[in-house]
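Protein chains: 2
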Amino acid sequence: MPREITAYSNPLVKRVRDLRDKRHRREARQFLAEGLRILTEARETGRLPRLLFFARPSAQHPLVRDLVAAVEQNGGEAIETTPDILSKLSGKDNPQAVVGVFDEFGTTLDALDRTSAGIWLVAERLRDPGNLGTILRTGDAVGAGGLILIGECVDPFSVEAVRASMGALFTMPVVQTGWGDFLNWLRQGPGQLVGLSLDTDHDYRGVRYAAPTFLLTGNEAQGMPAEYAAACDTLVKIPMLGKADSLNAAVATAVMAYEVLAQQRG
Amino acid sequence: MPREITAYSNPLVKRVRDLRDKRHRREARQFLAEGLRILTEARETGRLPRLLFFARPSAQHPLVRDLVAAVEQNGGEAIETTPDILSKLSGKDNPQAVVGVFDEFGTTLDALDRTSAGIWLVAERLRDPGNLGTILRTGDAVGAGGLILIGECVDPFSVEAVRASMGALFTMPVVQTGWGDFLNWLRQGPGQLVGLSLDTDHDYRGVRYAAPTFLLTGNEAQGMPAEYAAACDTLVKIPMLGKADSLNAAVATAVMAYEVLAQQRG
Numbered sequence: 005m006p007r008e009i010t011a012y013s014n015p016l017v018k019r020v021r022d023l024r025d026k027r028h029r030r031e032a033r034q035f036l037a038e039g040l041r042i043l044t045e046a047r048e049t050g051r052l053p054r055l056l057f058f059a060r061p062s063a064q065h066p067l068v069r070d071l072v073a074a075v076e077q078n079g080g081e082a083i084e085t086t087p088d089i090l091s092k093l094s095g096k097d098n099p100q101a102v103v104g105v106f107d108e109f110g111t112t113l114d115a116l117d118r119t120s121a122g123i124w125l126v127a128e129r130l131r132d133p134g135n136l137g138t139i140l141r142t143g144d145a146v147g148a149g150g151l152i153l154i155g156e157c158v159d160p161f162s163v164e165a166v167r168a169s170m171g172a173l174f175t176m177p178v179v180q181t182g183w184g185d186f187l188n189w190l191r192q193g194p195g196q197l198v199g200l201s202l203d204t205d206h207d208y209r210g211v212r213y214a215a216p217t218f219l220l221t222g223n224e225a226q227g228m229p230a231e232y233a234a235a236c237d238t239l240v241k242i243p244m245l246g247k248a249d250s251l252n253a254a255v256a257t258a259v260m261a262y263e264v265l266a267q268q269r270g
Numbered sequence: 005m006p007r008e009i010t011a012y013s014n015p016l017v018k019r020v021r022d023l024r025d026k027r028h029r030r031e032a033r034q035f036l037a038e039g040l041r042i043l044t045e046a047r048e049t050g051r052l053p054r055l056l057f058f059a060r061p062s063a064q065h066p067l068v069r070d071l072v073a074a075v076e077q078n079g080g081e082a083i084e085t086t087p088d089i090l091s092k093l094s095g096k097d098n099p100q101a102v103v104g105v106f107d108e109f110g111t112t113l114d115a116l117d118r119t120s121a122g123i124w125l126v127a128e129r130l131r132d133p134g135n136l137g138t139i140l141r142t143g144d145a146v147g148a149g150g151l152i153l154i155g156e157c158v159d160p161f162s163v164e165a166v167r168a169s170m171g172a173l174f175t176m177p178v179v180q181t182g183w184g185d186f187l188n189w190l191r192q193g194p195g196q197l198v199g200l201s202l203d204t205d206h207d208y209r210g211v212r213y214a215a216p217t218f219l220l221t222g223n224e225a226q227g228m229p230a231e232y233a234a235a236c237d238t239l240v241k242i243p244m245l246g247k248a249d250s251l252n253a254a255v256a257t258a259v260m261a262y263e264v265l266a267q268q269r270g
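Protein sequence lines, in the order shown, are assigned to chains A and B.
Each residue of the first sequence is one higher than the one before, starting from 5 at the first, in this note's numbering.
Each residue of the second sequence is one higher than the one before, starting from 5 at the first, in this note's numbering.
Calculated directly from the structure, the hints in this document are not laboratory data.
Please read all numbers here as calculations on a predicted model, not as lab measurements.
Copies of the same chain look alike in the list, so a pair counts if it fits in one copy or across any two.
Result set (DSS-like, lysine-lysine): computed pairs, CA atoms no more than 27 Å apart in a straight line: (1) Lys-247 <-> Lys-96; (2) Lys-26 <-> Lys-92; (3) Lys-18 <-> Lys-96; (4) Lys-96 <-> Lys-26.
Next comes chain A alone, as it looks inside the complex (with noise of 0.2 Å):
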């Protein structure tokens, strides 16, 4: 039977609430995902929340209820609670009709089989969240193999990454690693690294693409630093007609990957 908490002075909302936080992410090791949707989806991977919060007008749900079922059967805890903590729970003014806390997960390069996708996506220091959760959304679905975070990047376990993936936070790996160790990975199998660039004359149409294809993407802000660009096997461009002179680094990462899907696709 769930309990049931509708104080928000309750010291386990106030720790939950707090996995918003990154540095209670990392001492906690767990973080928040939110919806129905997203959580549903986890569930069909095999992960279910430690902790699983649910309003009471939505108990009824069938999905809440086969939620709550299978998290209590894998020995979480689901708490009932009003809307307006969940509210608190989620940071938005809509609440989700679940929030689930997790505990943190992923893998290693060494863990990785290169050979089991076509394309793999790989950023190095991505600063913005919901980039970073878009890119994984678009990852699951062109098929890659993961996400290789390289350098400081944003948490993939933050609140706007987990929302802005959809739930292909718990679909595709995340490996989060330094730039040497990816590079020492990377030339002792097959793969090309080809690297989103303005500094090219290469349109990115106009490049082969086998299988595996590495793409890498640079900070926002900076692109990658010419260290990177000077290892990359090659070094592709996405043309610009306008004023501007970049796209926004999901934008490019998903037309890059594309691109490569459908050559890989024949």
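Given the coordinates of chain A, assemble chain B onto it according to the supplied hints.
Just chain B now, with coordinates in the frame of chain A:
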């Protein structure tokens, strides 16, 4: 000579800060844009703010000096203030060097020359300001003729949309209209209407896009109404290989727009 405002209680500070709110923007018919990059871009397209706030530490930056001079010559006012007040105006911890108050602008369907561009972007009930701004930024990059907003869309002059557009709000014509008026106008001249949909077998790469092509993107959560889909000349689908059933709306628009651009450039 710029006047100086250092008190947060100054009524002008409050009035400008209120422009972060849609209701106040509607009443004042003005909006905020931040950052040297965006304001310089605006200036290059001939748009100068009525009011320009800048922080003392950046007063000697050449681009700030140029902006101040241009604004004053144009009959506007430049106001020196503190980084703290700039933070309050922009709602960000790390304020931009400048914040400008611009008169709203916009255009109408009848003012568009549809033969001036091969790509036009159309979005209906777009709800996320980041998506709207990102679509404008992409539209600029592909040389689109403009963005036509159908129905209840998020305000293109919201701080978040202007920010995400990276200045493209100033370079891309934006029309806000209704579905009936749009369709009437569309059918009075050349142009195919291509809708992004999940309910079609037409892969987006298998369709020929003659100029001018109007790309219609539906609401983030629901897609477009059946009536709109039925009015399209073609519905196309972007392949989805993963668990998720849709892409971010700005990403989907960009993937489509770059396919159209690639075809039209031959």
